[in-house]
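Colleague: I would like the entire structure built from these sequences, with the hints used as guidance.
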Amino acid sequence: MRVVCLFLLWLVALPAAGKTCVECHAGAAERSWALSKHGVIARIEAGRERRRAPDCTGCHSVEAQAPTATHYAGKRSRAQAREAATESCRACHSPRYTTEQNAAAQRGLAIGEMKQREAEALVATARRETAGEELARIESLFATLRDKNLRELRLGLAHQSPDYQWWLGQAALDGSLLRIKGTLGEARRNRAVAATTGK
Amino acid sequence: MSRRWLLIPVLLSLAGIAAGMAWVDWSKGGAGSGLYSREWQPDPVQGYWDPDRFYQPVASVEGVFPAAECIACHEALTPGIVADWRDSRHSKPANRAPVACPDCHGADHRKLRMPTPKVCAECHAVQHEAFQSEKQYGFPSHVLAMERATDSKHFVDKPKAETTACVQCHSVATKCDSCHTRHRFDAAEARRPEACTTCHSGPPHPDDETYFGSAHGKRYLAEAQQTDWSKPLRKGNYAVPTCAYCHMRNGQHVVADKSIWQFGLRQVNPNTAENKVKRERWVEVCTDCHDAGFSRRNLTEMDRERAQAWQVLNRTERLLRELRSEKAFYPAAGERPPYPTDWMEAWFPKERIGFFEGQASSFYNVSPIERDYFEMWYFANLGSYKAAAHGAPQLVKEGHEALAHAEKSISAQAGALRNKARGPRPDLRPLWMEGEYTMHNRKHN
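For the protein sequence lines, the chains are A and B, in the order given.
Counting with the numbering used here, you get residues 1 to 199 for the letters of the first sequence.
Counting with the numbering used here, you get residues 1 to 445 for the letters of the second sequence.
Treat the hints as calculated values from the structure; they're not laboratory data.
Hints should not be assumed to be uniformly reliable.
Beta-carbon label-pair distances, calculated as ranges [what the hints assert, rightly or not]:
no., chain 1, residue 1, chain 2, residue 2, range
1, A, Glu49, B, Leu221, 48 to 54 Å
2, A, Lys148, B, Phe356, 40 to 46 Å
3, B, Ala22, A, Arg51, 14 to 20 Å
Straight-line C-alpha distance at most 30 Å; calculated BS3-like pairs for lysine-lysine [claimed, not checked]:
no., chain 1, residue 1, chain 2, residue 2
4, A, Lys37, B, Lys420
5, B, Lys153, B, Lys327
6, B, Lys235, B, Lys92
7, B, Lys153, A, Lys37
Every beta carbon over 10 Å from chain B, so not counted as near; a handful from chain A, in silico [what the hints assert, rightly or not]:
no., residue
8, Cys56
9, His60
10, Ala131
11, Phe142
Backbone N, C-alpha and C define an ideal beta-carbon position, used for all residues, glycine too.
Modeller: Now the structure itself:
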């Protein structure tokens, strides 16, 4: 019976055992970590006995060090997940340092969310004023701003990657925002042109 | 008599120079740092990135501690950094007492300091002197990186919660642990190319992708784990070059001596007397492994790539200048927020086109066609340049495809702007001047 149980357990564990986080979280999630100082150290020193810098499980799995039990983060609120992850920072960093860095990240994210809200208001205006191709373009620019630029900013702040914070985060948000404004402005002018030519 | 009149312009110029110097001195005396220090307040976290200027010690623990006591407490509080230090050469140097916590941080807990390059220089004088010597080359260099950031108008203008991202990399000028991470401070770590990629990555400087995409980088990836990185960066010690091997000849802490200033950002003549000297220094590096003729041919290939890129960029820049003189930009410079630091722009609004007009700041509060040119110049162009310099032909090809695609798209937009330039022009100022972030940015930086 015990053998059968163990065999069943092995069967259940099999798909998870060979998996790494990156197989599902490739792209921005992995790269924003890999480019951070933590990621650099962890990559250079892969295989060494003592880990100097955290990889995914180092922060996202405080209670359970087993890689298969990491998925609690998504089921918690962001604040709870952040607090849990901050626990592991304190092995190396002072409480003041982690508090300051977290607060700075929150301020950075608040700026990003401000840009998102400015864009959201423009989308609402566009839905009232325009239709067709121009509206579709504005909607698609907003989707990029929210689902790509803001996400990459958040990853950059959480993983401490300057590139994701700036060029792929804040500066990319600026780009999407100004393109929404540009498209909305062009739509207004096109309507003015149409009105004068009587189309 | 006539000689006395000559004195007037001389004295006026001298007074002007003195007034200018006094103004620069005054402008650096504010709460921030750099030329615009009076225009901005540092974010609280800035102390960690520029400790010499902004770090404030914490008053929560009182007492003066010897190393053994620091270690006893921090072994329990922050065991990771104590273990790092134990693994470092600082904890067990040959022929001298260990370099321990108080040597770098001070012993009085209420007056602790975050170590700056000056602190490291107490022992590592040769490296520090070489690092400081980069100042003679100007930008780009590691030693002037923080000034480069804080003296930029967009750094001053934008909220500091946003520009914290900038100083994380530009702090390479103000701390040594950008490359030798604390508390191990391992030279072997900084010899690996990954150590540079936290900052040397991303759209304007994909040094990581272009290096790892080159023959050098591919061989590095294959052999890195079997290589002994403790050896000095000298000819014969390494089978494959890394960032530091080529850019920091013989491990010298100078990256700026061979770089041609703004080679990617401006159309630079590689054949001036000075640039020829720099080119020969590069060839000397390559000849550690390659034949000199082969190296020169590859560098000439890069010059050809630059010339091609600038043909496309110059054409596009000319087109944008024409649009500006035709007043076809929509919105034009006066219809969108200016930099608060730029009083000239408030009176004489003008779109920034090209390197000498501040192209590097033209990524926000500009019309879409201007942002497209910014991305073409700063991302596609610099990506192509890095690919050519690092020997990644596939990425050169992709970069030039991106340049061609951008030129086509900008030309099409320019055509549309021209067609509509004489027609009705609804007022765009409310759209561009208002909005939550835009108004927040106008009041806060």
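Colleague: Each hint needs a verdict: does it hold in this structure or not?
Modeller: Status of each hint after checking the structure:
Checked against the given bound of 48 to 54 Å, the beta carbons of Glu49 (chain A) and Leu221 (chain B), roughly 23 Å apart, lie outside it. Hint check: Lys148 (chain A) to Phe356 (chain B), Cβ distance near 33 Å, so the stated range 40 to 46 Å is violated. Range check, Ala22 (chain B) to Arg51 (chain A): Cβ separation about 54 Å, and the 14 to 20 Å hint is violated. Restraint check: the Cα-Cα separation between Lys37 (chain A) and Lys420 (chain B) comes to about 50 Å, which exceeds 30 Å; the hinted pair is violated.
Restraint check for Lys153 (chain B) and Lys327 (chain B): the C-alpha separation of about 25 Å stays at or below 30 Å, so the hint holds. Distance check on the hinted pair: Lys235 (chain B) and Lys92 (chain B) sit about 28 Å apart at the alpha-carbon level, within 30 Å; holds. Proposed proximity of Lys153 (chain B) and Lys37 (chain A) is supported: the alpha carbons are some 28 Å apart, at most 30 Å. For Cys56 (chain A), the non-interface assignment is confirmed: its Cβ lies about 17 Å from the closest Cβ of chain B, beyond the 10 Å cut-off.
With a minimum CB-CB distance of about 17 Å to chain B, His60 (chain A) clears the 10 Å threshold, and the non-interface call stands. Consistency note on Ala131 (chain A): stated as away from chain B, and its beta-carbon is indeed over 10 Å from all of that chain's, at 18 Å minimum. Residue placement check: Phe142 (chain A) keeps its beta carbon more than 10 Å from all beta carbons of chain B (closest about 14 Å).
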